[in-house]
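Enquirer: The residues making up each chain are set out below.
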Amino acid sequence: MNALYVIAIFLPLIGALSAGLFGRSLGDRGSQLVTCSALILAAVLSVIAFIDVGLGHNPRSVELMRWIESGNFEAGWALRFDTLSVVMMCVVTIVSACVHVYSVGYMSHDHSKPRFMAYLSLFTFAMLMLVTADNLVQMFFGWEGVGVCSYLLIGFWYDRPSANAAAMKAFIVNRVGDFGFALGIFGIFLLFDTVSFDTIFGAAAQFTDARIHFLGLDLDAIETLCFLLFIGAMGKSAQLGLHTWLPDAMEGPTPVSALIHAATMVTAGVFMVCRLSPIFEYAPNVLAFVTIVGAATAFFAATVGLTQFDIKRVIAYSTCSQLGYMFFAAGLSAYPAAMFHLTTHAFFKALLFLGAGAVIHAMSDEQDMRKMGGIRGHIKQTYILMWIGSLALAGVGIPGVIGFAGFYSKDMILEVAYGAHTIPGFIAFTLGIAAALMTAFYSWRLIFMTFHGAPRADEKVMAHVHESPPIMLWPLYVLALGAVISGVALYGPFVGHHFQEFWGDSIVILANVQGETIIDKAHHVPFWVKALPVVVTALGIYLAWRFYIKQTDLPAKTVAAFEGLHAFFFNKWYFDEAYDFLFVRPAKWLGRQLWQRGDIGVIDRFGPDGISSMAKRVADRASKLQSGYVYHYAFAMLIGVVALVAWRIIQEGA
Amino acid sequence: MIVATLCFYLFAGVAIVSGLMVVTARNPVHAVLFLILTFFNAAGLFVLLGAEFLAMALVVVYVGAVAVLFLFVVMMLDVNFQELRAGAARYMSVGALVGLALLAELALVLGGMTLGGVEVSGGALPTPPADQVHNTRALGQIIYTDLFVLFQIAGLILLVAMIGAIVLTLRSRPGVRKQKIADQLARTPEQAVEVVKVPLGGGAQ
Amino acid sequence: MQAAPMLPEILLAIAGMVLLMVGVFVGDKSAKPLTYVVAAALFAALALGWTTPHGDAFGGLFVADKLAYFAKALIVIGAAATVLMAAGRATPSDGSGPMRFEQPVLMLFASVGMMLMVSANDLMSLYVGLELQSLALYVLAAIRRDSLRATEAGLKYFVLGALSSGMLLYGAGMIYGFTGATNFDRIAASVTAMGTPSLGLVVGIVFLMAGLAFKVSAAPFHMWTPDVYEGADTPITAFFAAAPKAAALALFARVMTDPLGDAASAWGQIVAMIAGLSVIVGAFGALAQRNIKRLMAYSSIGHVGFALIGLAAASENGVRSLLIYSAIYLFMNLAAFAFILAMRRDEHAVETIDDLAGASQTHPYMALALAAVLFSMAGIPPLAGFFAKLYVLSAAVDSGLYVLAVVGVLASVISCFYYLRLIKLMYFDAPRDAMDSPMPRDLGLVLGVATAIILVFILIPSPIVATATAAAQELFQR
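Going down the list, the sequences are from chains D, A and U.
Each step along the first sequence adds one to the number in the numbering used here, with nothing skipped, and position 362 is 362.
Each step along the second sequence adds one to the number in the numbering used here, with nothing skipped, and position 161 is 161.
Each step along the third sequence adds one to the number in the numbering used here, with nothing skipped, and position 237 is 237.
Worth flagging that the hints you see were computed from the coordinates, not collected in a lab.
Mixed in with the good hints, there may be bad ones.
[As the list claims (entries may be wrong)] Label pairs and their in silico Cβ distance ranges:
#	chain 1	residue 1	chain 2	residue 2	range
1	D	W595	A	V94	47 to 53 Å
2	D	V584	U	V403	55 to 61 Å
3	D	R29	U	P381	37 to 43 Å
4	A	R171	U	E351	23 to 29 Å
5	U	L459	D	R29	40 to 46 Å
6	U	L459	D	E467	24 to 30 Å
7	D	Q596	A	A96	43 to 49 Å
8	D	L594	U	V159	52 to 58 Å
9	U	E351	A	V94	44 to 50 Å
[What the hints assert, rightly or not] Partner residues are not named here, just some residues of chain A that face chain U (Cβ under 7 Å, in silico):
#	residue
10	V79
11	L158
12	V160
13	A161
14	I163
15	G164
[As the list claims (entries may be wrong)] Cross-link-like lysine to aspartate or glutamate pairs, in silico, EDC-like; alpha carbons within 20 Å at most:
#	chain 1	residue 1	chain 2	residue 2
16	D	K624	U	D56
17	D	K530	D	D553
18	U	K66	U	D56
19	D	K616	U	D56
20	D	K557	D	D576
21	D	K530	D	D520
Glycine included, C-beta positions come from ideal geometry on N, C-alpha and C.
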């Protein structure tokens with residue numbers, strides 16, 4: 001069995017290498033075939049792993065080889081298969097397989113298909129490396145690997161300046177987070193003398209009182225390290241403050257947005273917090289911080305989502321908002337709930353993105369919703385699929401009976417927030433309910449603006465509107481199935497009463513004095529808490545209908561009434577402008593100064609240029625010594641040996 | 001023992017002086033002759049040490065073969081030693097300095113050895129007592145029995161040297177007529193003679 | 001007297017004599033087939049060495065231990081690869097004449113010599129092994145006897161080699177005189193009993209080291225290297241750069257740490273001095289070179305210096321790092337020379353670095369491989385060369401050789417310059433007349449495999465690191 005799991009991890013790499021290196025000889029069709037079949041096989045194997053490891057409670061780790069050994073720093077290369085990682089494996093490989101197949105259709109007009117498929121597969125491999133990491137260094141490897149792939153894929157259309165700028169922005173913003181993550185890893189190595197998860201987790205309880213002294217500050221060690229690690233998570237998962245890259249990342253091809261910027265990579269931060277739950281549990285202040293940041297992101301992104309017109313940006317802000325939900329669940333120690341929402345979200349958000357891709361495809365690459373509308377009759381299947389995705393995202397369902405995937409996972413998170421009975425929990429609950437209302441509103445705003453009403457596109461485009469080919473629709477059906485049933489099917493094992501049995505040792509939640517965990521508390525909230533999300537969702541859908549179907553002049557009136565607020569939301573709370581003013585311009589100024597004054601003026605004059613001219617002089621002298629005469633050489637040897645002997649004799653004598 | 005001591009100083013003194021003459025003699029032929037003299041004196045020293053076999057080997061190999069070969073080379077090659085020496089004179093001062101330094105160092109070491117009284121312990125392959133085993137026999141024992149493998153490897157070295165000499169110098173010149181007896185003997189009438197039937201009045205072609 | 005541990009060498013020596021006979025009777029047209037047979041024989045010997053018992057042979061004259069096996073593996077890989085690379089040049093059409101059948105045979109004998117010397121457990125066996133190797137190399141250097149440069153190179157190498165052999169013998173004689181033994185184990189016992197090594201022993205060690213330093217081409221005994229590398233036929237140069245370097249380094253390590261381990265106070269600083277000088281000479285000497293073979297010669301001086309930094313640490317870790325370094329350097333060298341051998345224009349070999357200009361456009365894969373090798377030589381992570389330097393420097397720092405470590409780092413920064421210059425030439429300069437393509441298959445194979453090893457070392461270091469660790473461990477247990 002071990003071999004099967006290892007194969008599942010390496011299949012995407014094989015796919016990526018064959019498409020990347022031999023793409024030219026394999027041809028477009030060949031590379032697509034190789035990468036898609038590798039991914040589908042990997043997905044099947046991952047499901048087998050899920051059944052064996054997750055449902056069969058059979059965690060294991062497979063050592064591949066020893067990697068870096070330097071002093072007492074040892075890093076092996078082992079793959080860790082426990083419930084947490086197999087859940088992620090399933091999510092990653094299934095969504096990735098769907099996206100691969102979808103891309104065959106979506107990218108049919110592109111010129112470099114093998115490159116695209118290779119990047120996608122490479123990304124999948126890096127992501128799998130991240131989730132099956134057995135130590136922090138390996139995780140960091142995967143972490144950076146997905147970062148690089150994301151950069152490559154955002155900038156896939158490198159002839160568009162905006163794509164290049166977005167790719168660079170994603171890379172640089174992520175560096176801020178990665179810097180925190182790397183510092184956290186160094187700190188953990190300092191404190192625990194190891195980077196291996198097992199050892200760290202085993203020893204975490206002993207270090208609760210450890211302190212770190214830095215620059216005259218006296219800090220709690222675990223709290224500080226967890227804070228640094230969370231900074232890394234914030235960068236990757238686009239949380240408030242480090243979120244600015246995610247909407248811009250929509251410059252990449254839509255399948256990329258679905259796979260990387262919705263379903264998998266951006267959830268790596270959530271996964272990391274869950275994976276490190278045994279340490280985070282000992283950092284209550286950081287957890288509170290996580291909760292607040294998550295809740296604030298959920299609210300903030302939802303408000304921005306209300307006002308955007310680019311169909312992909314709406315979904316991107318929605319992703320940001322949903323990630324906020326996951327984080328505040330994790331911050332309240334409800335890691336299983338966070339993972340649950342992560343899983344369901346992967347399905348319906350990938351569905352929404354790919355659906356949006358189908359719409360864009362149908363509308364001849366138009367992304368502005370103001371130029372859409374009235375196409376539901378032309379692309380019925382896509383229309384239905386988008387409905388399913390939105391229903392799942394908004395979390396529609398009947399409390400206590402049945403519902404779409406988001407209904408189970410989002411409600412679980414809100415119940416957790418209420419059940420925590422803490423101030424951060426209360427804040428998170430309030431903001432979460434508000435975000436739920438807005439989620440429903442913007443989801444149906446999207447559907448109504450895109451599919452209903454009178455066509456706003458010109459006739460040429462409308463004449464072209466066509467249903468996507470089956471190769472693009474089939475993955476959507478698979479994801480739709482996930483969006484419908486993943487909630488009801490996984491509720492029991494993930495967050496049911498026996499959740500601890502399912503997660504095993506992979507997630508640690510400290511119980512309170514009564515031996516209750518946060519999940520247990522969440523099960524005992526009053527009924528109105530369970531019902532409220534559904535009610536606000538219904539309200540949101542109604543409002544959307546009212547605004548965009550019934551009284552189409554309402555949006556304009558509302559905007560006029562709340563002009564300032566709208567501008568604030570529409571401009572994404574002016575984050576980009578503030579960053580540009582605070583960081584980008586000063587950095588550019590500093591860079592220019594350093595370049596002109598420092599580099600050219602000082603360093604070039606005395607440093608490289610000075611040293612290199614010196615080196616050249618020495619080299620010329622040295623080659624003069626090399627005269628070519630044998631007796632010169634013999635002399636040199638003799639002088640050498642005589643000098644060495646003399647040196648030794650003097651040393652020995654002294 | 002006085003005779004032995006006198007002989008030692010005689011041999012050693014002549015060896016050093018003739019060694020000096022080898023490098024200073026103007027006529028290269030004289031230099032080689034002095035070299036031969038040096039070898040002879042070294043052989044004499046060996047005899048004094050009781051190593052007659054080595055002494056004889058030195059005479060036979062170095063005097064009989066190597067030095068004579070040198071003599072041939074020197075006489076056959078027209079090397080202008082004056083010119084060479086003029087070049088070497090430029091480096092004489094440096095060379096002398098290096099040589100003196102080395103000499104001083106070695107003197108220090110040897111002085112240290114006798115002054116420090118370091119005891120030279122038994123060799124790796126202890127020499128059998130001279131009164132029981134003849135030293136030629138002892139040498140044979142070591143070379144052909146104890147260290148026979150080194151002897152074999154030395155053989156390989158000679159083989160490589162031989163290959164080298166052949167590779168670097170042997171040239172087969174095409175177009176040079178040589179008598180190849182084997183070829184001559186192997187010739188059959190069929191190869192050598194052609195029988196032609198000449199038609200009447202046609203003449204031989 | 002046990003002979004079994006030396007079976008591989010015996011087999012190879014016999015094979016050499018048989019092949020010599022074949023060559024004599026068949027003539028030069030057998031040269032190319034012979035190269036394949038020689039390569040096969042080398043690998044057969046290696047495999048045989050794997051199965052034969054380890055331990056002392058011939059009454060302690062030789063020893064087959066893990067260090068010897070490690071070094072022999074490198075010798076076989078280096079020799080076989082370069083023999084095969086030479087086969088690609090068996091019948092060049094540039095008028096330099098066909099390959100002589102003696103060439104593979106001499107290479108085989110040189111390999112036997114190297115294998116003997118890394119197995120030596122006695123000063124005498126050390127010397128005969130070394131001479132067998134050297135003599136074959138002298139001849140090989142001049143084997144293109146119609147080329148003025150080649151004969152000059154051969155003669156220089158021979159004269160200076162004889163001088164160095166003399167020094168080595170003189171040193172060996174003094175060590176024998178002051179310890180009373182030629183056998184390594186007995187020398188070790190004698191040195192241990194001596195406490196502080198006597199002056200005579202120290203001087204003996206210095207002379208011995210001078211001889212060894214010549215063989216590894218460490219400064220100040222390096223001056224033959226650029227001339228011989230440049231003058232000799234390129235396949236021969238490749239051979240010089242690969243196997244003998246690894247063998248001499250292993251021998252150096254054994255002689256210093258096994259019999260003279262307790263005299264480390266006497267030789268540690270000398271090795272440090274030689275190592276420091278070598279990295280400096282390697283770094284500065286190469287800057288002014290336009291001929292790529294001369295450049296490789298200086299580069300090899302620098303690399304040997306680096307490996308010797310490991311030896312200067314005079315610790316188990318240090319010897320381990322030396323072995324790792326020499327293994328990685330072997331592969332980098334093989335790849336580099338495979339490329340150099342493929343540098344031909346209109347069937348004529350070209351040797352200046354300007355001929356590389358624009359190679360990335362005319363020969364993308366070759367250029368990519370060479371770039372990887374050069375980056376590795378410059379010590380850029382995550383390539384193997386970086387780890388080689390890392391192991392060496394960390395061993396040096398562990399032993400408190402901070403100055404030497406700093407010198408090593410500075411020298412490697414300087415040497416980056418000329419490695420990167422080659423890459424710049426290949427990638428950023430306009431191509432001149434294109435070199436011949438495609439690359440001959442044998443060369444492509446060597447280049448590909450060696451480059452792959454350099455690239456994957458970071459993922460799979462254990463075949464080299466673990467065996468080097470075991471070898472160093474065993475050496476220090478004896």
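Enquirer: Against each hint, give a clear statement of whether it holds in the structure.
Expert: Consistency of the hints with the structure:
1. D:W595 x A:V94: 47 to 53 Å: holds, 52 Å
2. D:V584 x U:V403: 55 to 61 Å: violated, 44 Å
3. D:R29 x U:P381: 37 to 43 Å: holds, 38 Å
4. A:R171 x U:E351: 23 to 29 Å: holds, 27 Å
5. U:L459 x D:R29: 40 to 46 Å: Distance hint for L459 of chain U, R29 of chain D is violated at roughly 31 Å.
6. U:L459 x D:E467: 24 to 30 Å: Roughly 46 Å apart at Cβ, these two residues miss the hinted range, so it is violated.
7. D:Q596 x A:A96: 43 to 49 Å: Distance hint for Q596 of chain D, A96 of chain A is violated at roughly 60 Å.
8. D:L594 x U:V159: 52 to 58 Å: With a Cβ separation near 56 Å, L594 of chain D and V159 of chain U satisfy 52 to 58 Å, so the hint holds.
9. U:E351 x A:V94: 44 to 50 Å: The hint (44 to 50 Å, Cβ to Cβ) is violated, given that E351 of chain U and V94 of chain A are roughly 34 Å apart.
10. V79: Hint violated; V79 of chain A Cβ to chain U Cβ min 15 Å, cut 7 Å.
11. L158: Interface hint status for L158 of chain A: violated (9 Å vs cutoff 7 Å).
12. V160: Holds - the Cβ of V160 of chain A comes within 7 Å of chain U, reaching about 5 Å at its closest.
13. A161: This interface hint holds because 6 Å falls under the 7 Å limit.
14. I163: holds, 6 Å
15. G164: holds, 4 Å
16. D:K624 x U:D56: violated, 48 Å
17. D:K530 x D:D553: violated, 34 Å
18. U:K66 x U:D56: holds, 12 Å
19. D:K616 x U:D56: violated, 51 Å
20. D:K557 x D:D576: violated, 27 Å
21. D:K530 x D:D520: holds, 15 Å
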